[in-house]
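Quick note, the sequences are listed as chains S and X, same order. Under this note's numbering, the first residue of the first sequence carries the number 1472, and numbering increases by one thereafter. Under this note's numbering, the first residue of the second sequence carries the number 532, and numbering increases by one thereafter.
Simulated from the structure, these hints should not be mistaken for laboratory data. Beta carbons: idealized from backbone N, C-alpha and C, even for Gly. One should not assume that every hint holds.
If you want the ones that stay clear, here's a sample from chain S, every Cβ over 10 angstroms from chain X, calculated [as the list claims (entries may be wrong)]: (1) Pro1533; (2) Asp1551; (3) Pro1590.
Not everything, but these chain X residues come out facing chain S in the computed CB check (under 7 angstroms) [unchecked claim]: (4) Ala535; (5) Leu537; (6) Ala538; (7) Leu542; (8) Ser561; (9) Pro564; (10) Thr565; (11) Leu566; (12) Leu567; (13) Gly648; (14) Ala653; (15) Arg687; (16) Tyr812; (17) His815.
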Amino acid sequence: MKIELTVNGVARTLELPPLLRLLDVLRGPLGLTGTKEGCGEGECGTCAVLLDGEPVNACLVPIGQCDGRAVVTVEGLAVDGAPGALGRAMAEHGGAQCGICTPGMMISAEALLVARPAPSAGEVRHALGGTLCRCTGYERIVDSVLRAAAERRGAGEVGP
Amino acid sequence: MSVADLARYELAVPRALPEACQLLAARVASGEPTLLCAGGTDLLVELGMAPPLGAGARPPLCVDLSRLPELGGVERVDRDGPRIRIGAGVSYLALGRHALVEGALPLLARMSHDIGGPTIQARGTLGGNLATGSPAADGVAALAAHDATVVLTSVRGERRVPFAGFQTGYKRSVRQADEIITAFELEPLAPGSPWCWRKVGARQAQAISKVAFAAVAELEGGRARRFGAAMASMAPVTATLPATRALVLGTPLAGLDGEALDRAVAADTSPIDDIRSTRAYRAHAARALARGFLRELGAAV
């Protein structure tokens, strides 16, 4: 099946079996290995990507349903080839430890911050509720997202 | 795991409902197996866990329902009174955000925020939840509590099935192989009326419930003039609690007896021991959930 989509803003035309998982297409033919496979059955959220701006588990999306749509992976969150505020905050404030869940956490956080530039800690927890981390205990991830939100707002402090 | 087999499936992508119905009718007539895919949150898991296809086997054709405009939308309609029509393909994310759902169907809005996590909510649909037929389905319990009408469409036309007549057994229903679940029609809850959505599970997000409880009520003169309730994971199908409903509707709230309520709940359910919970715990939780909601309604139970 012919599939035309944009991935991280770049138009792509693919000829692939339509039920291949978006996850495998990203990591295989497209070489975007930032997206990780955790459970492969929609339980862990590690493979989250944005599909037309909404966070989805790439392990549960057949590539044939992506025709005409826009996918953003963790690589697409970079700014001029370097981590943006979210990536920096995750690195600097202990939000990333082993790193496997980090791309999924960042994608889910990005979806939240686009919709809610000044989220509460509770809103961050809800937004990340579908992504499992086995290292951090979540506190530092929530803290990192709040700090990134503050930096993006230019406020320079954690709030509200 | 047979994720490798996914490369062997074909996908048909109809762009409108009549085209999808014609395709499905032709497949049924020729005896060729077909799978329907809306958000894929169940289907991709099931295909991944299915046994390997075998070298010469031809997989079923997968039909994509996600491009059918007729399966979208939430709107007010009039059908023997005001109803909210919800397209079977509307995602939980869209449902949870919809002003009409928040205002007239608050239980459904709350359930939509609680099912899976945001990545599941962005893809999962009520139609898919019902079609899959799991007795643990959160969305289906919410539909059952509202006595939703299920709208089925095929080349033979459209038909409406009351929720209570839809499920016929574990993962079985009255849906014919050439029919697509296209919409649900729900009666709005009177503003300010009590409702309850509770998931009892290992954790709040991303865990299938040990028991889920959905209920709505409208009160008048010390009685419930409307009472709809359902439980997930308490029977081979979504439990619609007919004895419990009859007891509550037939008794002034002040006269409701807790032990009679417990007996009705027990008669309405048949919990089992499984990987998520035990029969005894489920029975206990079901009694507590029903009593808790009835206490909110003013009953001394």
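inquiry  = Holds or violated: the hint that glycine 648 of chain X contacts chain S, with Cβ atoms closer than 7 angstroms.
reply    = holds, 2 angstroms
task = Please verify that hint: leucine 542 of chain X, Cβ, nearest Cβ of chain S, below 7 angstroms or not.
result = Holds - the Cβ of leucine 542 of chain X comes within 7 angstroms of chain S, reaching about 4 angstroms at its closest.
ask   = Holds or violated: is the Cβ of leucine 567 of chain X closer than 7 angstroms to a Cβ in chain S?
value = violated, 13 angstroms
query = How about tyrosine 812 of chain X: closest beta carbon in chain S under 7 angstroms, or not?
reply = Result: violated, 22 angstroms to nearest chain S Cβ.
key: Given as non-interface: proline 1533 of chain S, partner chain X, CB spacing beyond 10 angstroms   = Label violated. Min Cβ-Cβ 6 angstroms, cutoff 10 angstroms.
message = Quick check on threonine 565 of chain X please, does its C-beta sit within 7 angstroms of some C-beta on chain S?
response = This hint is violated: threonine 565 of chain X lies away from chain S, its Cβ roughly 13 angstroms from the closest one there, beyond 7 angstroms.
query = Closest CB-CB distance from proline 1590 of chain S to chain X, is it above 10 angstroms?
reply = holds, 13 angstroms
key: Status of the hint placing leucine 537 of chain X at chain S (closest C-beta pair under 7 angstroms)   = holds, 4 angstroms
message = Hint validation: histidine 815 of chain X versus chain S, beta carbon distance must be below 7 angstroms. Holds or violated?
response = Since the shortest Cβ distance to chain S is 27 angstroms, the answer is violated.
key: Supplied contact hint for alanine 538 of chain X, tested at 7 angstroms Cβ to chain S   = holds, 4 angstroms
key: serine 561 of chain X as chain S interface residue, shortest Cβ-Cβ below 7 angstroms   = Hint violated; serine 561 of chain X Cβ to chain S Cβ min 21 angstroms, cut 7 angstroms.
message = Quick check on alanine 653 of chain X please, does its C-beta sit within 7 angstroms of some C-beta on chain S?
response = Holds, about 4 angstroms.
When the structure is compared with the earlier hints, violations turn up for hints 1, 4, 8, 9, 10, 11, 12, 15, 16 and 17 and for no others.
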